[in-house]
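Chains as they are written, first to last, in UniProt numbering: chain A, 1 to 268; chain B, 1 to 220.
If you're looking for bench data, these hints aren't it; they were derived computationally from the structure.
Even for Gly, the Cβ is constructed at its ideal location relative to N, Cα and C.
Certain hints may be false.
[Unchecked claim] When the alpha-carbon atoms are kept at most 30 Å apart in a straight line, the in silico DSS-like pairs for lysine-lysine are as follows:
(1) A:K39 - A:K26
(2) A:K39 - B:K102
(3) B:K102 - A:K26
[As the list claims (entries may be wrong)] The following label-pair restraints were derived from C-beta to C-beta distances:
(4) A:D66 - B:R200: 44 to 52 Å
(5) A:R139 - B:P205: 30 to 38 Å
(6) B:G74 - A:T81: 44 to 52 Å
(7) A:R139 - B:D67: 20 to 28 Å
(8) B:G74 - A:E238: 53 to 61 Å
(9) B:D185 - A:D196: 53 to 61 Å
[To be verified] Incomplete in silico selection of chain A near chain B, CB under 8 Å:
(10) A3
(11) L35
(12) P36
(13) L86
(14) S106
(15) V135
(16) A208
(17) F212
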Amino acid sequence: MYAFNYHRPASLAEASAVLVANADAKFMAGGQTLLPAMKLRLANPSDLVDLVALRAELSGIRREGDRVVIGAMTRHGEIATSDVLLAAIPALAGMAAIVGDPAVRSRGTMGGSLANNDPAADYPAAALALGATIVTDRREIAADHYFLGLFETALEEGEIITAIAWPIPKRAGYEKFRNPASRYAMVGVFVAERADGAVRVTVTGAGASGVFRATDFETALTADFSSAALAGVAASPEGLNTDIHADAEYRAHLVGVMARRAVAAATA
Amino acid sequence: MANHHGDDGPASVSRRRFLGATASTAALPLMASTAALPLMGGAAAAEVALLAAAPNLSPPDLQAPVDMRLSINGSPHRLGLDVRTTLLDALREHIGLTGSKKGCDHGQCGACTVHVDGRRTLACLTLAVAVQGREVTTIEGLARADAPLHPMQQAFVDHDAFQCGYCTPGQIMSAIGCVKEGHADNDDAIREYMSGNLCRCAAYPNIVAAVRQAKTRMEG
Numbered sequence: 001m002y003a004f005n006y007h008r009p010a011s012l013a014e015a016s017a018v019l020v021a022n023a024d025a026k027f028m029a030g031g032q033t034l035l036p037a038m039k040l041r042l043a044n045p046s047d048l049v050d051l052v053a054l055r056a057e058l059s060g061i062r063r064e065g066d067r068v069v070i071g072a073m074t075r076h077g078e079i080a081t082s083d084v085l086l087a088a089i090p091a092l093a094g095m096a097a098i099v100g101d102p103a104v105r106s107r108g109t110m111g112g113s114l115a116n117n118d119p120a121a122d123y124p125a126a127a128l129a130l131g132a133t134i135v136t137d138r139r140e141i142a143a144d145h146y147f148l149g150l151f152e153t154a155l156e157e158g159e160i161i162t163a164i165a166w167p168i169p170k171r172a173g174y175e176k177f178r179n180p181a182s183r184y185a186m187v188g189v190f191v192a193e194r195a196d197g198a199v200r201v202t203v204t205g206a207g208a209s210g211v212f213r214a215t216d217f218e219t220a221l222t223a224d225f226s227s228a229a230l231a232g233v234a235a236s237p238e239g240l241n242t243d244i245h246a247d248a249e250y251r252a253h254l255v256g257v258m259a260r261r262a263v264a265a266a267t268a
Numbered sequence: 001m002a003n004h005h006g007d008d009g010p011a012s013v014s015r016r017r018f019l020g021a022t023a024s025t026a027a028l029p030l031m032a033s034t035a036a037l038p039l040m041g042g043a044a045a046a047e048v049a050l051l052a053a054a055p056n057l058s059p060p061d062l063q064a065p066v067d068m069r070l071s072i073n074g075s076p077h078r079l080g081l082d083v084r085t086t087l088l089d090a091l092r093e094h095i096g097l098t099g100s101k102k103g104c105d106h107g108q109c110g111a112c113t114v115h116v117d118g119r120r121t122l123a124c125l126t127l128a129v130a131v132q133g134r135e136v137t138t139i140e141g142l143a144r145a146d147a148p149l150h151p152m153q154q155a156f157v158d159h160d161a162f163q164c165g166y167c168t169p170g171q172i173m174s175a176i177g178c179v180k181e182g183h184a185d186n187d188d189a190i191r192e193y194m195s196g197n198l199c200r201c202a203a204y205p206n207i208v209a210a211v212r213q214a215k216t217r218m219e220g
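Produce the entire structure from the sequences given, and follow the hints as far as they go.
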């Protein structure tokens, strides 16, 4: 790990100012992805802006009408066990319950994960499927316009996610094929039938450019929201990752399997 | 290891007191080696702060040591450390609590698991500077030296839940979290919620048995 200046700002404005003033500065929420990257010298921030002092302000889970709003600094472990979320969007709580391992879940945060946009992270799939809104210190960004590619998001310099608003769907399910060592998704599929009846199927862990929609699956499920409806639907290996864990063909196969299981979970 | 765990008598007391008393001076013999290795300047900077009486050793060209106040096992510690110091290195290298183990140092093996404000946390993926104001509990803090072992420690002894023992402190800290979180109701749940702790000796069946036993005693 290279040296850095450590900051612990007490306000969003102060935190943002450090990033604006230092081009190579980085925010740190739970640090469960950033610190390993820094140890491997894959990340080399000049300044580390620890948002821990903003935790009280930026964490919590509350229902607001037809959506659930989750503070950006809320930890995976808190999300997984939230009664509010378990009642409203159990698929999202279930997703949080299988992020990393229990120790990671007691520090890692939803906002940190979405800001990082790892191509194998779980939340991007849920955000794109449910139509979440990313709330920042300066605006609201629809999930459809938020994920721009590998580790790339619509966030601007110094922009901080403060909360994520999740519309409550009619039903939803998430299934992931975990890498047994890292617990990252080799393929994760989120299916949702939104309140207005629109169906979304999103895939994480597989795409070479990060999270994406599986529109063929969406079409099939719009006609008939059952795993049987997906019997003849296959994902194309084009644009999918190949690495030591799985090649593109295998990942394409897993997309189908995970999608059918996710629908089964959503309709159970 | 069985002997070690069963040894909660005077030997443990003296060892802990010895470590506590010498933690602040443990940096002394390190100075020679780190001073000879300019690339390790970051580590040396930490010791420089502890040795105010060594003015001839100017800090390397890195950020100055950071004054940190940590609370470990109920005891306050004030340290001057390189800002990059992980909680694990602070515990092992600067405070002298070597119970928490460094396995992979990348958050994959769980050997460094400690509790921060009661929640299991990977000490290698936590900066020491970030846990100021929080209560850190390590394997050394589970039971007083003159008191019986924590039920989870005793269960690991009873079930021979280790071979080499290197992962054991992390397993035990994680297992306590597993029970307290309510995830020890059946073997599958125990396996899932202990999955962040690897055991190269594959003592897993015995670990699961130990967690089951301790759950009964912790909740009884």
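The hints, checked one at a time:
1. For the hint pairing A:K39 with A:K26, the CA-to-CA distance comes to about 14 Å; that is within 30 Å, so the pair holds.
2. For the proposed pair A:K39 and B:K102, the alpha carbon gap of about 14 Å is at most 30 Å, so the pair holds.
3. Among the hinted pairs, B:K102 with A:K26 is consistent with the structure: their alpha-carbon atoms are about 26 Å apart, no more than 30 Å.
4. Judged by the Cβ atoms, the range 44 to 52 Å given for A:D66 and B:R200 holds: they are separated by roughly 50 Å.
5. A hinted range of 30 to 38 Å for the beta carbons of A:R139 and B:P205 is inconsistent with their spacing of about 53 Å.
6. Against the hinted window of 44 to 52 Å, the Cβ-Cβ separation of B:G74 and A:T81 comes to about 27 Å, which falls outside the hint.
7. As the Cβ distance of A:R139 to B:D67 is approximately 38 Å, the hint placing it in 20 to 28 Å is violated.
8. For B:G74 and A:E238, the hinted distance range of 53 to 61 Å is satisfied, since their beta carbons lie about 58 Å from each other.
9. B:D185 and A:D196 have their C-beta atoms about 39 Å apart, which leaves the hinted 53 to 61 Å range violated.
10. Taking 8 Å as the C-beta contact cut-off toward chain B, the hint placing A:A3 at the interface holds, the least distance being around 5 Å.
11. Taking 8 Å as the C-beta cut-off, the interface hint given for A:L35 holds, the closest approach to chain B being about 5 Å.
12. Hint status for A:P36: holds, given a least beta-carbon distance of 5 Å to chain B, under 8 Å.
13. Given hint, A:L86 at the interface with chain B, is violated; its Cβ is 14 Å from that chain's nearest Cβ, farther than 8 Å.
14. Restraint check, A:S106 versus chain B: the minimum CB separation of about 4 Å is within 8 Å; hint holds.
15. For A:V135, the suggested interface contact is broken, since its CB lies about 25 Å from the closest CB of chain B, more than 8 Å.
16. The interface hint given for A:A208 is violated, since its Cβ lies 25 Å from the closest Cβ of chain B, which is over the 8 Å cut-off.
17. Violation of the interface hint for A:F212 is found here, the shortest Cβ-Cβ separation to chain B being roughly 28 Å, above the 8 Å cut-off.
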